[in-house]
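Model the full assembly from the supplied sequences, consistent with the hints where possible.
Quick mapping for you: the protein sequence lines, in order, are chains A and B. For the first sequence, position 140 matches number 140 in the working numbering, and the numbering has no gaps at all. For the second sequence, position 7 matches number 1007 in the working numbering, and the numbering has no gaps at all.
Everything labelled a hint here was simulated from the structure, so no lab data went into it. It cannot be assumed that every hint is accurate.
Chain B side only, calculated, beta carbon under 7 Å to chain A, not exhaustive [what the hints assert, rightly or not]:
no.	residue
1	L1252
2	T1256
3	I1258
The following label-pair restraints were derived from C-beta to C-beta distances [as the list claims (entries may be wrong)]:
no.	chain 1	residue 1	chain 2	residue 2	range
4	A	G252	B	A1115	38 to 48 Å
5	B	W1045	A	Y49	52 to 62 Å
6	B	P1174	A	L30	21 to 31 Å
7	B	W1045	A	P159	17 to 27 Å
8	B	P1130	A	P159	51 to 61 Å
9	B	T1035	A	G158	36 to 46 Å
10	B	W1045	A	Y293	46 to 56 Å
11	A	A167	B	F1138	47 to 57 Å
We put the CB at the ideal spot given by N, CA and C, even for glycine.
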Amino acid sequence: MSLKGTVTTAPRRVSPSRRGQGVAGWTLVLPSILVLLVVVAVPIGYGFYLSLTSYNPVETTGPKFHGLTGYLQVLTSGEFWDALRVTVLYAFGTLALTVPAALGLALLVNGKFPGVALFRGAMYLPRVVSLVAVSMIWLWLYSREGYFNHLLDLVGLGPVEFLTDEATALPSLIVMRAWKALGGSMIIFLAGLQTIPKELIQSAAVDGAGRFRTFRHVTLPLLMPITTYVVVVDLIYLAQSFSEIYILTSGGPLGSTTVVNMLVYKEAFENFKLGEASSMAFVLFCMIFALAYANVRFLSRGKK
Amino acid sequence: MTGRRWLRTAVVGVVTAIVMLPFWWLLSLAFKPATEVFSYPPKLWPENFTFENFAYVWETTNLPVALTNSAIVGVLTMLSNVLTATMAGYAFARLRFTGNRPLFVATLGAAMVPAVVQLIPLFLIAQKWPLSGGNDLFGEGGSGLLNSYGGLLLPLLVQPLNVFLARQFFLDLPEEMAEAARLDGASELRIFWSVYLPIARPVVATIAVLSFTGAWEDFLWPLVVVSSPDMQTLPLALSTYAASGVVQYGPLMAATVIATVPVIAVFLAAQRHFVAGLASGGVKG
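Structure representation (structure tokens):
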């Protein structure tokens, strides 16, 4: 009996199958791990080192170590906090437009009616087209002779310098970005709506709840987890905005659209302050990481 | 009942038309002659439908070069990601080896790193890449991978999210196929390549679309790594046209159409697999 036990367990530990899996596993994983080591792990370490130095590559001396001085400079400079404020405004402004609109659209196209697939596909289109291409279209829409000024003209207003006026530049970017994000968020809400059991909606109707009350007390609470997911994922994504801002306003006018990524780019590749720019990048990294971590915690708590 | 259904179609149709309006203007401007592009008020339809904007950007700008560069970078990114992500995803999902769990968690962690954190160090690493762009063994003397396909590709080769998607897909497949193949004496690599990979078409399609479109629209890294017009990708070329003094909207929109059509084509072609693949990846996560 005991002999039989050893016969079945002992060879399994060194069985050719297990050893084969070990070798195969490492062989298959190695290319990905090596690349990620070079393009992610090493840059994080190197970047952190740079963030503790002052480094101007135009001067031929290498990075000069100065500890946390770079972080202190960043955290005490008005520039960084301004950029952070713009980033937060941009991200939350976009979400404030996208989330209710996407939920409304999802409710509108949830169900069977003629042309539903076509409409869903069309709404998703802005998501498929690149941010740079979208920026080109909106560059004209917002221009002096563009469509929006024409619309304002029709009601006797304007013209407005949408992208070059400090008061309108950031809101203009927000509207564009919300339009771009609409379809993607709509699809996620749609998926969420379709997981809600029909019986639940029906039983609410049987209990005498009207359409609005059913939505308010049944649908909306059940959509909360997916809404949190949409908000946090978009927030992480929006906090890293760059290309549309670079193209439409390049951070101006008067820094009113300079988000943190824009500031990092300018510090590093226009002012050649690589150390300070690295410190900024790491502060942003910590904030985004905290957000992502909170999201994971929240979602796993929701599952229990 | 059918009346109410059509009412809904009408409402949704109007909303969709409003959402689609920017695309309408894109096409309308692209096919208008210069005189109509700058006429005010703007007209919804081109009165004299023309291809002159397309001819203009194609013949007088670096658009053909940029299109070629984007295609090269896009296709290589796609091939690299399909291969590396299915390999790693399969190993993480179905093979028992020391380090499986920690390596997978590390890969997921890599997905959380914002691009801006990699930006500066990766630029310096690309610049000092040994034995490339005139560099010696110690990365001195030349420009390394800057302004080259290698440099453009570097951060795109392996995208952690794709590894995750592939793993989720392979987790759902039955183990019996592997057991049968092992009894037949197939090696583990053979089982991956001949048994599991051929049925992974949905996730391969998803990874292909995501990585191709991701490379196609990548902007910040190309902006930093490319310095000459002949290495520009499409987004860079477009942004250069848009930044040049008085913007010529007709040719700019024509260039935007050219830059956008391939992505929409890829998306439509793979849509069936793509959406199914996303759904199967999403259930587990």
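Hints versus structure:
A cut of 7 Å between beta carbons decides the hint on L1252 (chain B): the least distance to chain A is about 6 Å, and the hint holds. Here the hint on T1256 (chain B) is kept, as its CB sits about 4 Å from the closest CB of chain A, short of 7 Å. At a threshold of 7 Å, the smallest CB-CB gap from I1258 (chain B) to chain A is about 10 Å, leaving the interface hint violated. The beta-carbon spacing between G252 (chain A) and A1115 (chain B), approximately 23 Å, falls outside the hinted interval of 38 to 48 Å.
Distance hint check: the CB atoms of W1045 (chain B) and Y49 (chain A) are about 59 Å apart, consistent with the given range 52 to 62 Å. Hint check: P1174 (chain B) to L30 (chain A), Cβ distance near 26 Å, so the stated range 21 to 31 Å holds. Range check, W1045 (chain B) to P159 (chain A): Cβ separation about 23 Å, and the 17 to 27 Å hint holds. Judged by the Cβ atoms, the range 51 to 61 Å given for P1130 (chain B) and P159 (chain A) holds: they are separated by roughly 56 Å.
Here the CB-CB span from T1035 (chain B) to G158 (chain A) is close to 23 Å, at odds with the stated 36 to 46 Å. A hinted range of 46 to 56 Å holds for the C-beta pair W1045 (chain B) and Y293 (chain A), which are about 52 Å apart. As the Cβ distance of A167 (chain A) to F1138 (chain B) is approximately 53 Å, the hint placing it in 47 to 57 Å holds.
Violated hints, in rising order: 3, 4, 9; the structure is consistent with all others.
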